[in-house]
Structures are given as C-alpha cells and as structure tokens.
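Colleague: Sequence:
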Amino acid sequence: MRKIIKLGLLLGLVVTLSTGCAVNRATGSVDPSANLSSLKTMYVKQVDKDDNTYNLIADKLRSKGVTVTTGSGAPTSNVDAVVTYIDKWMWDITMYMLELTITIRDPKTDYPLATGNSFHTSLTRLSPKEMVNEVVDNIYKGAK
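Just so you know, the working numbering puts 92 at position 92 of the sequence shown, and the rest follows in order with no gaps.
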C-alpha cells in the first residue's frame, strides 16, 4: 500500500512540474473593410526605450513590398498606414521577448485595420526577428 501511495505522489509531482511551462500562441486578424495590398507606404512608430524591434518590423514590411519610414513621433509624410506595437520582455536566465502585438492603423482615424500577436514562453521562445516575422506573416495571411 505504501508503494502505491509513493508512486501516486511521485506521479502527481511529475505531472505538476512538467505542465504549463511551454505556451505558444500566434494570431492575426484583418478588418473585413481593410485592403492591405493597397497600403504601399507605412510609418512604424518607435516605442520609448526600444533598441531594435521597430527596425525589425520595418524590414519585414519592406520584404512585403511596402515603403516604410520609422520614428518616435507622428509621421512627417503622407502615409497609407501607421504601425504601432507592444513588446513584452521576460527574464529567464536571459531576457527574451515574451509577447509581441503589432497593429496596422489608419493614419487619419487611428482605427486598427489589422492586428497580429505572438506569445511564446521560455521553452518555446523565439528571437525578436522570428517573433516579428511570425506576427507580420499572420497579419498578411488574414488579408483578403
């Protein structure tokens, strides 16, 4: 009887410690009224204290054939869309990007035309470039 109890406790401990550590989620949605293929010029608005994410986003959009400018203020030129983002970082032996949300907005109304999100915990972590690629690709997959 003691062996069964010990085995049950050991099994419970293993199950408890081995679940919940690896979570990943990637989504992308486009407003039905939006036509992403008509957006030829975009402005990526840099977040305070961001070293490089805005450049990664700009480079990925350029690979989609979009002319992209970047900056921390309002766009200085006439653009078809403004791109905003929120990046969340976590510490687990090293810093890594936990979550990235990118929103493509109408520059006149600030209305979100398309949004994408990527969430990866430590065991499924991706590099910032891979996170950007995943989010932008998912946004464009949802386009008509």
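The hints are simulated quantities; they were obtained by calculation from the structure and are not laboratory data.
Worth double-checking, as some hints may not be accurate.
[What the hints assert, rightly or not] Now the in silico label distances, taken between C-beta atoms and shown as ranges:
hint, residue 1, residue 2, range
1, Thr-67, Lys-129, 49 to 57 angstroms
2, Ile-4, Asp-31, 19 to 27 angstroms
3, Ala-26, Arg-2, 22 to 30 angstroms
4, Glu-130, Ile-4, 39 to 47 angstroms
5, Lys-141, Gly-71, 24 to 32 angstroms
6, Thr-69, Tyr-111, 16 to 24 angstroms
7, Thr-101, Ser-72, 17 to 25 angstroms
8, Lys-49, Ser-29, 57 to 65 angstroms
9, Ser-127, Thr-67, 46 to 54 angstroms
10, Asp-92, Gly-71, 51 to 59 angstroms
11, Asp-110, Lys-88, 16 to 24 angstroms
12, Met-95, Thr-41, 18 to 26 angstroms
[Said to hold, decoys possible] Quick list of in silico lysine-lysine cross-link-like pairs, DSS-like style, CA-CA up to 27 angstroms:
hint, residue 1, residue 2
13, Lys-40, Lys-64
14, Lys-108, Lys-45
15, Lys-45, Lys-88
16, Lys-40, Lys-108
17, Lys-141, Lys-3
18, Lys-40, Lys-3
Even glycine gets a Cβ: it sits at the ideal position worked out from N, Cα and C.
Colleague: Can you name, in rising order, the numbers of the hints this structure does not satisfy?
Modeller: Numbers 1, 2, 3, 8, 9, 10, 12, 17, 18 - these are the hints that the structure violates, sorted from lowest upward.
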